Structure formats: structure tokens, C-alpha cells
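So the sequence shown is residues 1 to 307, counted in the UniProt record's numbering.
Keep in mind the hints are simulated off the structure, nothing from the lab.
Be aware that a few hints might be false.
[Claimed, not checked] Within a straight-line C-alpha distance of at most 30 Å, the following computed DSS-like cross-link-like pairs (lysine-lysine) qualify:
1. K175 with K18
2. K18 with K218
3. K66 with K218
4. K175 with K39
5. K241 with K39
6. K241 with K218
7. K66 with K18
8. K218 with K19
9. K39 with K218
10. K66 with K241
Everything numeric in this text was worked out from a predicted model, so none of it was measured.
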Amino acid sequence: PSLTLVWARQRDLGSAIKKIALDTAPNSFDDQYLRCHFKMVRVLPTLTEFVPHDDYAEAWNRAAAKWGSRPYLGRPFLLQLEQAIALLAYTMEEGLYLEFNRAVRVAGRSRREYLDTFHFKVLHFLLTEALSELRGAQGHPHCLHVYRGIDGIRFTSRIGQIIRFGQFASASLLKNVSESYGTRTTFEVDTCHGADIRYFSNYPEEEEVLIPPFETFKVTNITHQGDDIYIHLRSHGVHSKYNCAWFRGWGGPGTGCPEKLWLPRPWKCSRSGWTGLGPVEGVPAHGTEQNKMSCKVPPTHHRPRIP
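Using the sequences and the hints given, assemble the complete structure.
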């Protein structure tokens, strides 16, 4: 979401300082969807996650309309239309990202909880896939040095500890952006699995980087200044409790579609009348032909199919 909104909301906590100990966020839903991309694409039409007029639908519809009217800002990154809209919806000043991340932090308590009570399955999948695509785009740095400032909460940790944010965490490439919105806790982060989403954000000037819930970090330094704390984090890899949870909870041989997974051809949508959707208009493919396809609702439908 907009870093402005994130930190403004945190500032509303008032003068009371809340203390939270960092950990590995064991209850987070952290699926990476390894080797089951196309299986997930096939089930997206069946995952009806919002009803007309709810906050989720409203945020998605606003983002879809805004994406269709905004000028192309980006470099030749490769995203599907739904992935781009998902990023824009997430970063808009709506209640969506708050509710979404609140759910992400606890949906990993069990696979049953994910299946029965996590109502953001499609959004989680689209954001995860979007970050993967952006990181793999030509010219995207392998790692990024970013800052995440928070007001009203003092996170605690110890040097050498391994932690995760356990949610999709917003940060900025610009230190002054972070400082202007909160210094109670400042994270200086070297992320190797987050992605620069500025060209798909509602606030491109904030140079936002989005970090996935499954990236792990090592605490390398901690400094204090009065009530404020400054925590340095270095990427330590990834850890996921779940992979392809919609199907059986864990990935591995047979969980993907080996016969089609790496073939540069469109995926056939599973519902009659839906057609393959190529890269976002104005965002050309790079290198080889795009091999990941999603599905687009027929033109006669006015409400977006997903999430």
C-alpha cells in the first residue's frame, strides 16, 4: 500500500508505544506456488472471492479502472493484466491491504484455516507471481537496499536472529521517504526477494519495494536513540511452510503441470468463453516468448473476474 497511508495509520496509535518482538512469523501463509503455477491458473475462475459492492470488489474495480486510464510509466517489465491490477489495488488508499495482511499473518496456522477462512487466495497468488515476474525482469537488481519506517511500534530483536515480516511488507528505496513517516522503528533492509513495484503502484514517486512474506532475514545490527530503534536486516533466503496449499499443502514432483510448465505457449482457460491474456498493453515481453498465461473474462462481462 501507499507508504503514506501505512505510516499515517501507525501514527494514529498515539503516544503509547507498542512493543512487538520480531520472530519467524510461524502462522503466516507463505505459499510460493512452486511448480503449480498453471494448476493455480486453472482454478482461478472457481475461486470467487468477493461479492459485488464489498470492499474487496470496490478496491479491485477502482484499480482496474485506474490502470486502464493511466499512462504507461514502466520499463519493459513483464506482468499479466491481473497481476498489474492486483499491485495497484494493493497500493491504493483502501482498506484492502490492511484486511489482507491481517489475514495473511494468521492464515498459515493450518491448511484447513487457509482453505476455509482465508478469503484472499487469488490476491495472494497474483501478488506472489507479480513479484516473481518483476524480480526476473531484465534489468531488475538481484537485491535491493531499502528502508521501512514505522511509527508507534517499537520492534525488538537481537543480533543474529532470523526473522520474517510474515506479510507483504512495503519499503522504499528512499531513506527520506521512510523517515518522513516514522522513526520509532526503522528497518534498513537488504532484500533479495522483494521487487521494485513503483511502475505499478498508486504512488510511483515513493519508489516502493514490496517484500514477500516468505523471505527470511538475519538481524545484523541494532542501534537505539532514545525510544527509537534502528534494525539492520540482510536477506537470509526464503522459508515456506506451505507450497501449492490449495492442492495438497506441499509441492514437489507432480504438483505442477510438467508437460506444459515451461512451454512458450498460451495456457487454455478452463471455462468456456474465457481467452488467454497476454502481457499488459504497453509492457512488452523481453527475451523469450511469455510462457505464463492467465484468463480473461469475455467482453460481455463488465465486472472483472478476479480476484
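Cross-check of the supplied hints:
1. Using a Cα cut-off of 30 Å, the hinted pair K175 and K18 holds, with the two alpha carbons roughly 23 Å apart.
2. With a C-alpha separation of about 23 Å, the suggested pairing of K18 with K218 holds against the 30 Å cut-off.
3. Between K66 and K218 the CA atoms are separated by roughly 38 Å; this puts the pair beyond 30 Å, and the hint is violated.
4. This hinted pair does not check out: K175 and K39 have alpha carbons roughly 40 Å apart, beyond 30 Å.
5. The suggested pairing of K241 with K39 holds, with an alpha-carbon distance near 19 Å, which does not exceed 30 Å.
6. Note on K241 and K218: the hinted pairing holds, with a Cα-Cα distance of about 18 Å set against a maximum of 30 Å.
7. The suggested pairing of K66 with K18 is violated, with an alpha-carbon distance near 36 Å, which exceeds 30 Å.
8. The straight-line distance between the Cα atoms of K218 and K19 is roughly 20 Å, inside the 30 Å bound, and the hint therefore holds.
9. A C-alpha spacing of about 34 Å is found between K39 and K218, which places the hinted pair above 30 Å, so the restraint is violated.
10. At most 30 Å may separate the alpha-carbon atoms for a hinted pair to count; K66 and K241 exceed this at roughly 35 Å.
Checked against the numbered hints above, the structure violates hints 3, 4, 7, 9 and 10; every other hint is satisfied.
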